[in-house]
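Given only the sequences and the hints, what does the whole structure look like? Please build it.
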Amino acid sequence: MKLFVSEGNPHCLKVLAALEVTGVQCSVQYVNHEEKVVPFLSRPVLPALLLPSGLHLFSSNAICRYLFEVSGQESSELCNQWLEWEATDLQPALLQALHMAVLQGKGSEVSKVLQGPLKFLDQSLTKGGKPYLNGDTVSLADLVLWAALYPVLSDSSLALGEHKSVNSWFDRVASIHSCLSAAQKVLQGKGLQGMKSYMQRQPAPQSNQCRDTQPCNSNPAEGEEGERDFSEEEMEAAALTWSKGLSTSPVVTDRQHPILPQEGKRNILVTSALPYVNNVPHLGNIIGCVLSADVFSRYGRLRDWNLLFVCGTDEYGTATENKAREEGLTPQLICDKYHAVHSSIYKWFQIDFDFFGRTTTEKQTEIAQNIFWRLHKNGFLVEDTVEQLRCENCQRFLADRFVEGICPHCKYPEARGDQCDKCGRLINAVELREPQCKVCRQTPVIRSSKHLFLDLPKLETQLEQWLEKSTSTGDWTANAKQITRSWLRDGLKPRCITRDLLWGTPVPHPDFKEKVFYVWFDAPIGYLSITANYTDKWEKWWKNPHQVELYNFMAKDNVPFHSVVFPCSLLGAQDNYTLVNHLVATEYLNYEDTKFSKSRGVGVFGDMAKDTGIPADVWRFYLLYVRPEGQDSAFSWADMALKNNSELLNNLGNFINRAGMFVAKFFEGCVPVMELQQEDKRLLALVGWELQQYIQLMDKVKIRDALKHILNISRHGNQYIQVNEPWKKIKGGDTERQRAGTVTGVSVNIACLLSVMLMPYMPAVSQTIRDQLNAPQSCVNTMLQGTGTFVCSLCAGHRIGTVSPLFQKLEADQIEALKKRFGGQQKTPQSTASPQPAAVPATAAADEVAMVNGVDPEKAKQLTQAVAEQGDKVRALKAQKAEKAVITAEVAKLLDLKKQLALAEGKSPEPAPQKGKKK
Amino acid sequence: MALRELSSLEKYLGLKKPNKYSTQGDKKVPVLQNNNGPPLLGLATIACHLVKEAKRPELLGDTAENRAVVQQWLEYRVTRLDSCTKEDIKIILKDLNLYLQDKVYLAGNQFTVADTLVYYGIHPLMVDLAVQEKEQYVNVTRWFDHIQHYPGVRHHLPPVVVLRNRIYTSRHH
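So the protein lines, in turn, are chains A and B.
First residue of the first sequence? That's 1 in UniProt numbering, and the numbers climb one at a time after it.
First residue of the second sequence? That's 1 in UniProt numbering, and the numbers climb one at a time after it.
Derived from the structure by calculation, the hints contain no laboratory data.
The model shown is predicted, which means the values in this text are computed figures rather than measured ones.
There's no promise every hint is true.
As the list claims (entries may be wrong) - Chain A stretches covered by chain B per the calculated footprint, using a threshold of three residues with CB under 8 Å from any CB of chain B:
1. 54-61
2. 626-634
3. 698-708
As the list claims (entries may be wrong) - Just a few of them, taken from the derived set where beta-carbon distance is under 7 Å, the chain A residues facing chain B:
4. L51
5. E77
6. W689
7. Q808
8. E811
We treat Cβ as the ideally placed atom computed from N, Cα and C, and that holds for glycine.
Written out as structure tokens, the structure reads:
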């Protein structure tokens, strides 16, 4: 056992005194202050005790406690309490006092800092009426406190005032020989000055260093906002703003399509990542892209920015081709069908696109081929041969998902050509063992095929220059910057842009006639072509980096394609393209305690949300409330019910409803006269402040954080009503009735402000509030201008409409039922070997749910018949001992029919045909 | 906060009769109203008292060394964790990460009340971490995930999602 101490360190006084008092055998080593004794602490901390076990104790109190215990003196609870008080209350004050006395020469001011703890100690000693803290004998607590206070109490120049009990206690402990000798060892008789070199190495104390320890994940809005103080001037300014009333500027008119960039306006182009067409989006997709982009777009329009929001379905690729084959349709028909599914889901969620297009259009071909030729001409494309599997029977190369085989890593028998569903590793198709063509089940052969590559290394310097500028001037989320950096750090490699497929944009180069563009090259061009389908003047948006600011919304898995690969295509094309200025990427939203998974069908999917009977606005609210902003978060049914009931119903809805009801009940539906008092002005200042915070956060796309300030406002409002009790005052005399009027009037105006702030989040509720209040349309474009102005928009005499409750309670049994209904099969453990299919989310209750996609009872009936017939046929062939190849082919047909049947019934077919496309 | 922690701790310890608490001062230091004596003051002190009341002395450490280690981390909780600034957070996580490198629990191989209280105290920090930071402090994250799933510990706190597969080490090609 070894004790490490340093001279002039007041904490060492404690342990040396304890060592002497207890007489424990232990070697002592003096080191200097900077010596790092405890291996796991980044800052040098002394004293430290190396225990026989090899562990280090680094807390002086714990060391003292240990020394006392091994000498047979266990500490009592009272003793614990003093030690805790010493560490949490006395030490911070002492540190500050010593800092002032030793380093700043402000010895005379020390008593202020120490007054509190000394008084507390004095009172406790007086009240106890015993010579020592713990009674009649000296204890660990006496020793620790005495040693802690020794530097200040032994210095008479500090004038700490009269603390009779403390002083006599202090002298009593000092008379123990070991204590004074320890003090002599540490301070060398130099008093406070003996600690100078130690104090100089300590970080300056902070007087008020408490951090908000409220956990913030689940409840960003519940943080106890300390009472904010406003000066007279601030309150008067708030009252002045309020009195200005609504602006007389013309009311925002309806959008005139096509929206084009305008001189002198802030021109904002918003895109959300293009959802892949044959996957039904789940809640995570919705919050990650379209919903976030929608909230920001709605907000931007309120701010009077000239804004265009485009999105569409990404439709090319093997996944669609496979799906088509499975369903016996053409790829185009599959796309048409699922495009409609997407449209209806987003419509239900009230995603207000200016245009929702698709990638399988002529414009796509035109623009993609144009970019291709430009890249070609500028020398950014290189040719290379790639070894690929080819099915001689089908006469084609088997890209990605057209081949299956045994995973070379984990031996999973149904690994696909690009990735194994079981171990998740990326696979090069030629590495698959026992590969099979997915169409005819023949064994393919390895052939080489010529492909074109985008020469990313050649564009790297240009890219880095642009990134430097874009990330430093724009609002890129931290994860977006981080992911981009890690790509660049690993070095860029040429990326293949062509594919041996049918369903894609054809490569126009004559040497690559049979090929199409790889989706990662093609899909982002969709943003341009979709805009081109919206307006012929699309280049005013996309070839106009000086006038246009581009915002890309996506989940983080999509970042590299938007920050590295697509910008390289556009930079290499050298056609003055608009590149992304603000890249907004969310983290992942989990479902309950697991992941949403397209392939395993875990989670709530877009088309089911409306079957829950919960309004779209409530879904929007909750998804935005748990938006994975800066960290992963989780969707949970129980939490959704809780937030609905606590935030929407009890806080927001309750306030707005009460404000409106008071006007209706007490003032015959007319807003009463308001005479503002100090308290009201204070509230106006507070609400104004919250509004400004909201605007600052929304400008930076901190959508979840901004929502917190809306809820804060209604919390303030509820408190204001609660304190002023207008329902009582209305029954009082004239002054009291007047007061009730002011409180009601201010409250109903706050409700009006809330409706505006809510508009991006809950458009329908927002409109309902304004309808109920009969609010003038101009309130919408007044209050969110500039840094935010909270004005009186419902003046005295304004007649409101009919007020009714905005939200409904979500009952526990209702939520339990929903959880069950959507959760049955979703408890599949993550390690399950057989993944489930993509497009049709497997829910236990799928047959109860009116599914938009796939489920078709009529078709199911026909297929049941077909399965039975095919089954008979196979059995007959087997009985006849027919050729193996013939039987295999018929079995394949049977399996396919069964799959289709399962899909038609909305169940999960067993072997996984595919998974969501990996871009 | 502290009161909710104590009530969670009571539940974990299986104490049937909930104690009466109040708080004192700006920092809301918890106070236990004790029937058999003067009130007890301070989170760590009360927590140790509850452990004794529940007759679970092993939770305070099974050897003198471990008892000192437990008290040290309880003190760390009420000093370093409860008053940390933004700059402190990184140091705290880094230090703890190194400390936990070769340990299952704060006191070595044995679960103690220090794990519970440090878990409660570090929860707000963990909630704020991005995925890549959680990966950076992998030992803290492992320990934290272990404690939050320790039967009966979590109670009043929401679970923090910890991904088991690493995202940020592998390359994205």
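message: When I compare C-beta atoms, does the segment 54-61 of chain A have three or more residues closer than 8 Å to chain B?
response: Since 5 is at least three, the answer is holds.
message: Hint E77(A) vs chain B: min CB-CB distance below 7 Å?
response: E77(A) check passes; min Cβ-Cβ to chain B is 6 Å, inside 7 Å.
query: Per the CB criterion, is Q808(A) less than 7 Å away from chain B?
result: For Q808(A), the interface hint is violated, since the closest Cβ of chain B sits about 25 Å away, which is over 7 Å.
- prompt: Quick one, is the E811(A) hint okay against chain B at 7 Å, beta carbons?
  reply: 22 Å, violated
- prompt: the segment 698-708 of chain A covered by chain B? Criterion: 3 or more residues, Cβ-Cβ distance below 8 Å.
  reply: violated (count 0)
- request: Verify the interface restraint on W689(A): the C-beta must sit less than 7 Å from at least one C-beta of chain B.
  value: 22 Å, violated
Agreement of hint L51(A) with chain B interface, Cβ distance less than 7 Å: 5 Å, holds
message: Just to make sure I understand the rule, a stretch counts as covered if three or more of its residues have a C-beta closer than 8 Å to a C-beta of the chain. Does the segment 626-634 of chain A meet that for chain B?
response: holds (count 5)
Violation of the numbered hints given earlier is confined to hints 3, 6, 7 and 8; the remaining hints are satisfied by the structure.
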